[in-house]
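Q: Here is how the chains run, residue by residue.
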Amino acid sequence: MRKLFLLLFGVVFFATAALAQRTITGKVTDDKGNPVPNASVLVKGTTAGTSTKPDGSFSLDVPANGKVLLITSIGFTDVEFKLGTTNTISVSMVSSDTKAIEEVVVVAYGTQKKSSLTGSVARIKSDDLLDRQVTNITQALAGAAPGIQATSGNGQPGSSAAIRIRGFGSVNAGSEPLYVVDGFPYGGFIGDINTNDIESITLLKDASSTALYGARAANGAVIITTKKGRTAAPRVNFYVNYGQSSRGIGEYDKVSTLDYHPLIWQSIKNGLQYPVTGTGQTAAVASQNASNTVATQLIYNPFSVPGNQVVGLDGKLNPNAQLLYNDFDWYSPLERNGPRVETGFSVSSKQGKSDYFFSLNYLSDKGFVIESDFQRFNARMAINTQVKDWLKTGLNVTTAIVNTNQAAGDGSNTFVNPFVFARGMGPIYPVRAFTTAGAPIFNTVTGEQWYDYGLHPGAINRPTGASPGRHIVLETLLNKRLTKRNSVIARAFIEARLAKNLTLTTNAGVDLNNTRALTFQNKVVGDGVTPGGRSTNSANEFRTITLNELLNYNKKIGEHEFSILAGHESTKNIDQYLTAERTGAIADGNIQVGNFVTATVANGREDNLRREAYLSRLNYTYNNKFNFEASYRTDASSRFAPETRWGQFYSIGGGWVLSEETFIKNSKWINFLKLRASYGSVGNDALDTYYSSQGLFGSGFNNATEPGILYTQAPNTALTWEVNTTKSIGFEFGLFKNRVSGTLEYFNRGSSSLLFDEPQGLSNVITSITKNIGAMENKGVEVQLDLGIVRSKNFNWDVQLNITSLKNNITKLPNNNTPITSGTKRLEVGEDIFAFYLRRWYGVDPSDGAGLFYANATSTTDIRTGPKGEKLTNNPTNADFGYAGSAIPKHFGSINNTFTYQNISINFLLNYQVGGKFYDGNYAGLMAVTYGRALHTDALRAWKNPGDITDIPRLDINQTNARFNAQSDRFLIDASYLNLRNVAITYNVPKTVTSKFGIENLRIFVGGENLFIVSKRQGLNSAESFNGTNSPVYTPNRLVNIGFNTNF
Amino acid sequence: MKKILIAITAILMLAGCKKEFLDATPTNAVAEADVFTTVANGEAVMNGIYRYLYSRFDNQNTPGQGGIMLMFDFMGEDVHQALASWYTPGNGCGGWINQKNADYSYVAYPFRMYYRCIGNANSVIENVDKLIGTPADINRLKGEALTMRAWAYFNLVQIYAKRYDATTINSQLGVSMPLSATQSKLPRSTVEEVYTQINKDLTNAVAAFGTASAPRNKSHLSLRAAYAIWARVALTQQKWTLAAQYANQVITLGGFSLMSNVQYQEGFNNITNPEWIWGAFIQDDQGDTFGSYLAQISYNGNTSYIRGVPKRINSALYNLITATDVRKKMWEPSPNATNFPLPTTAFARTPYMSRKFSIRNLPTIGDVPYIRLAEMYLIIAEANARIPGNEAQARAALYTLAVNRDPSYVLSTNSGAALLNEILVQKRVEFWAEGHRWFDLKRMDMPVDRTVVPNYVPASAGGVMQVPAPSASNLWEFSIPTAEIQGNPNTTQNN
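In order, the protein sequence lines correspond to chains A and B. Following our numbering, the numbering of the first sequence begins with 35 at its first residue and continues without gaps. Following our numbering, the numbering of the second sequence begins with 4 at its first residue and continues without gaps.
So that you can see chain A by itself, here it is in the shape it has in the complex (with noise of 0.2 Å):
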């Protein structure tokens, strides 16, 4: 009786629905009026759908219930098309990407129509990302933006750039921007998030955007949002990348093998001839034991003439001597041509009242150097449904599973970082072992010739400058450096609408981070040997938990729109860490602690950090010509005290939409005009310390086994949020029908009670207090501007510019204004953040070829005159101190270019900077003389003869390190650069093409990341730090790509 009722229910349905059902026929085409294939056409509410063909049209069947058609295509707004009564039509799509100014925009907190903004406020889109083929996000943020500044980072795989934007906030606290990841701030690695998610980056710039971030957008925020489907037919993207990773910078200039010796001789015997105190030896015979000396201090001696004869006492290369090996290039056993591979697939679709998305992603990115990776594991959902007509839900998960290995490329100066080791090798110095005689020595078991690495037979020791008795190419093959990390992002919320207007959401966002870092020292070569083998293995969870309830009230009385937006918030962040160490390795090719004999440390902490908010915002808006915005928002840190740990944020910020006005709505120029001015504070409470305002005894000062606590920390419970004021003004125009649009803003940032690490002496028994003391302000001018310079039917010229012009200026310190001096910098107020302070180099002076420094008043001894009668010394302690400029440049900004013709596009990405200085320590490193160790080839240029002017003083194995090489201004450069930091060449296999396969595009590209890097010295990447000063980095790595992405 039921299948009965069942079936007749059935045939009725299908007759009724079959009757009624009319054809329609139409065309899709897009504002050119170019016909759009492919693009599916839907009918509402159904499954009835088609998709057009190559001309653009189409034929469907549309049910009598079918009252309007969903026609989607990928680059194109969704089109909703109300069925009349006439059964042919013609539908027009509106590119995504012309509609820049009326995009909407992910805020704090929310979106906002982009012409309604109040507050300085850049994007990023998912199609500029496709071009980009970067492993950690923050590489693509360099140059996107005005007001952006990004370190280059570094080659090693998966880590991160460093961001500033509109200059340097605190000296003591962070001044990293907050990221936030679909809506709140985010507690993992960026490098974990999978970049093909990415739907879109928001970067809030001042304080009338980030003030609803209050507590902790004092620096900016880098706003993150994910994917979610969009579209009613379910669409599968799908794409592979594959690239090689090179060395992006080439090596400092060193000299080579046959100049080593008598460099080294050189300084020898100048040595020998202008001793500090005393009277030195004649050149004659400071010459003859010059020669002597060079083959016992070198030890090695890869020629065919005996040690004492390679350099004659002319101090040349003795004529006959030929090499018996060449075997000294340290970096070619260290590098290759890191593959990086990068495939995944995502499917995505709208249906009804609910959205899908999910998506996995497999990327592996070998460095150039061996043993340095990076391999990832995405996967992600997102499901959002309207549960009721009052309610929504959703939820949005990744996760990442990230294993590394991790070259010791860390800046450190080590014996195992490469960059040290292989820089720094002398020339002389063979990467595999030779006999005297200049014979390979082979291991008899193996068959291969050994490395030089000490304790192979036959070893003789390199010199104390060549890192006697390591070996970077063995050690950096057997140790370990692993980071295992599994993470967890994860987002839900519920929607409820509780009156007309007046939504009530509640957030939750739970971030998770367990990483295993295991670090093994083999026992063969280098630190591993004396305990027969080291493993350490360190465990650390990190949890953000973030939950926040929304009222958002809109309310539109005529032309006059409100929205009210009220809220609370509060974030938890535990931090735990356990570490083991355990010295002495059982059997060999088991790196876990648990196979090693003596345990050596065992550690562990939980430390704690949470914080409250509650936020209020308004926003006004009339008549689409102006806008309002006020915000306030009061925020607590566990940091501070109780006392203390409430501060109070707020924003105003206004618009005026000038080009709504009838005085420019007539003109035929102007597309859009608006004026916008903002105003409001921050707050920042980024202190490496969990507990700065307790006082304090640091435990883990055990005497033997008697338990031991040390004073670490003096209590300031005043001590609370450091304040971020920004004001901001800027115009936003749209010119010539949109072919010269772009942003021009000034803003000043100030930065007032300052998080700064107050000195108290070092007599004091605590040497510094945290205060919020100091003040600075970063003041500067941004300009955007994008160009439609040619616009055609087959060809188009789009050109982006940025410039940004910063200056930083310190306005109040710590002990009545007393400057700090500390490295090569000193704070000082009038002076910038990072302004060079350091010894004043004169020269050279041309009779003995010492190094000169400008002498301070009060020095007596070793005093020298200058020509023109300049007080001089050769005595670094008695030089004179100044500044000598500042590491922030000039202005920075970058060139963006696309060219298309037809299907194809050229798209390349400059990324430069004009002025500033940099310290190149790496420089110095190489100026230095120690037996064994390389010399930069400015040492050929080095003071010779009496008379001889030059720039480079002479190389004197006594003075130059202790002396003449002092850290002084004579090693700044200038930090300009110009960096191809990325180039994309596209194909857009045409719509007629793949249509016939099903596929709804298919893009093919060939590219490349960092191309080239040009500075003003061999070797130096200036764009390492903001700071301007170096250290021994894994150099960034050039990356050649080839891939495609497709959807269908």
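Bear in mind the hints are in silico, worked out from the structure with no lab data behind them. Predicted, not measured: the structure shown is a model, and the values here were computed from it. You can trust all of the hints, since none of them are fake.
Okay, derived cross-link-like pairs now, DSBU-like style, lysine-lysine, Cα gap no bigger than 35 Å in a straight line:
#1 B:LYS22 with A:LYS805
#2 B:LYS188 with A:LYS805
#3 B:LYS22 with A:LYS606
#4 A:LYS159 with A:LYS261
#5 A:LYS590 with A:LYS387
#6 A:LYS422 with A:LYS262
#7 B:LYS21 with A:LYS534
#8 B:LYS133 with A:LYS805
#9 B:LYS21 with A:LYS426
#10 B:LYS188 with A:LYS846
#11 B:LYS165 with A:LYS905
#12 B:LYS332 with A:LYS557
Guided by the hints, dock chain B onto chain A, whose structure is given.
A: The following block gives chain B in isolation, referenced to the frame of chain A:
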């Protein structure tokens, strides 16, 4: 349903978090308020100071007090190496330039290290009387803290001020002298004032130790250590009678004895040695592979510095050691694989290299000798040699030590300058690399002369072979570190 849901969320939203939500405390530190409650807690602070004395300061060659001992010996002529490396111009003060560079990290190293000890000792001294514990334990703790403060100020004033000269009023600038945790940013006291305080602290310390419980072990300062330090202080103040008296007190109190010739060859790495009065007591898991004392000065620790840069003795001084002296075995004039075996082939050999120090355990573990009994005999000898008419006592004290080291030693017949010189040679040999030479030269107003050292390599010291005597040169007063100048507006820089 809808209403309930809304009500719940609305309540959640309005309620906010509990007040305690925002209170967080560390797990690797103790709150200040909880520390000074019991003697055991106060003792933990004292132990923290002892541990700090064998912790790395910053670079690998700054292992607390051990590193300072070496740094200052490298400024003399008896301890040296064939190459520029640690302790030489780039990484220490052996080149006699950088001690006048206020920005130099090795200038801040002794300054900060001793002041940090003082600051913590101050908080113990201030609170010790209110701690819960037996009077004997309270007195022990008080004695330790006072001795620590005296010792630290004694080192500071020698390094950062002009030498104490008993023939004048010592009104030259000494060092800032905070005596409680609330005092900071003080101007520099005079040298005389600093020595007065040192003597006062030692007087009080000796009194407190008089009714104190026994020291836990030799890593703790004790009554005997206090007297030993006091003897050093008196010798530096040229108070010869007192110096001899305090040194004698250490010997009379007993508990220590000179080591045997066998023990002398055990590597100076074990606090259980009967001669050690005070030292660092280092467990296997408290070592710093590259940043320990023995990672610098032992002959067999497997570090790059030890492998490549053997430490050598002044060959002229070596030649003064008699053949039957056990100390002759501490160095090897012509080392080879047979007479000087080394752990691996990667270790370099160089003439006159030392084997006085060796590691106790892998990788570079071993204790550090701060004060040894032998010094007391040398102080008695020197003080008496300088007191007219006391040369017999001087020779006798010297004999006790010398005959222990060299069984064929006969009682000295020297007198006057020759006797004094003999005592000083004994001291230079006995305390090679234990941090005495620079302080002795400064105290006695003597120059550094490396030109009389046949095997000295000028390049290892930036070419500086001669330094004038302290009275003729300001090179002997280290600069006040920049960080102190910046944080303490009331201090004064040395010229």
